[in-house]
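Engineer: Quick note on numbering: the sequence shown equals residues 1 to 352 in this note's numbering.
None of these hints come from the bench; they were simulated from the model.
You may find that some hints are simply not true.
[To be verified] Simulated DEER-style distance windows between Cβ atoms: (1) Asp-91 <-> Asn-181: 36 to 46 Å; (2) Asp-142 <-> Ala-297: 44 to 54 Å; (3) Met-59 <-> Asp-294: 53 to 63 Å.
[Unchecked claim] Dumping the calculated BS3-like pairs for lysine-lysine here, alpha-carbon to alpha-carbon at most 27 Å: (4) Lys-350 <-> Lys-327; (5) Lys-198 <-> Lys-131; (6) Lys-165 <-> Lys-198.
Ideal Cβ placement from N, Cα and C applies to all residues, glycine included.
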Amino acid sequence: MNNYHITQKCKAPKRRIIPVFIPHLGCMYDCVFCDQNRISGQTAPADSDDVRRIFTKAMQEPQNNKDLSHPIEIAFYGGSFTALPVDQQDDLLATAHELLSEYPNGTIRLSTRPDCVDLPTILRLKRYGVKTIELGAQSMCDEVLIGANRGHTSSDVSNASKIIKSEGISLILQMMTGLPNDSTYRSIYTAEQIASLKPDGVRIYPTVVVRGTKLHERYQSGAYIEHTVEDAVNLCAELVPIFEDAQIPIIRMGLNPTDELSGGEVVAGAYHPSFGELVYSRIMYNIVTEQLEDISAECDIDILVPKGMTSKMIGQRRCNIDAIKEKYLVRSVRIIESDELDTLQEVSVKLT
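Throw the hints in and build the complete structure from the sequences for me.
Structural biologist: What follows is the structure, encoded as structure tokens:
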């Protein structure tokens, strides 16, 4: 049986994240898959005035005024933050730092490229209170990075990660699956290499073909073969245990749904509003079916799952239950939640 250690009991502390999007700012390369305006749902980058406006509006919301004990985080998402001109970085960071000065738990998060990180840069960010940096690694295979026109190498990812961690800043690494030149083997290798860097969290983004990108052109010409939802679900079901075994939290799987993406800007690829749910559902299906291989007579079964995991076991539109009944000699399936189970490793099947 696969060695899944996915637990539902270890939850990150509640945090109020105030997102500020700076799409495409600082990017010196035109990655084949990228259109940050459509992906983020925002067409114009934010400046310091926008930071003030976004923060003020967010803090006026009732849920943000009730409990000041939870950390407040201004998160600069989208572009390559540390590739911006330094004075522009300082302007945004100084504004964020000032706004957070009244809150003892205030922190700043930003996203950037691995080749735009060095020690002087990290020391400057620390002075403004930056506590978390997300790096778009995407792949640890140089052939894949070249195919995606990333403009950096896998060594850049390793070097930047070590610098960030050496200064006590939390490190989040992003990886993608299904890029040009990618394969199941290369994605698994990437996950293993990223896990070895010991980040504080990872995001897994299966490739989506967004209208108007270079990848869209390749897809139209037949030069790129779609990385389907089914492809990505099967692959991510293999990747998740790599990070879980290394005790690295998976922050997100799949692009965050936006009106633009859901409204037709996605041409092809692994886009699904509940992608992460599909992956965990597939993992549970795989665990259960491994235990049903030796069934030789029609039977009824109980499936014991951790608390809160019933919907994942059932699957969307009862796909898991229907598939189990169709493939195996099972008349009926009953799912029972147990407080004594902590991990998917403990999911078990009992004949009744």
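Engineer: Next, verify each hint and record whether it holds.
Structural biologist: These are the hints, each one checked on the structure:
no.: 1; hint: Asp-91 <-> Asn-181: 36 to 46 Å; in the structure: 38 Å, holds
no.: 2; hint: Asp-142 <-> Ala-297: 44 to 54 Å; in the structure: 53 Å, holds
no.: 3; hint: Met-59 <-> Asp-294: 53 to 63 Å; in the structure: 58 Å, holds
no.: 4; hint: Lys-350 <-> Lys-327; in the structure: 17 Å, holds
no.: 5; hint: Lys-198 <-> Lys-131; in the structure: 16 Å, holds
no.: 6; hint: Lys-165 <-> Lys-198; in the structure: 9 Å, holds
When held up to the earlier numbered hints, the structure conflicts with none and fits them all.
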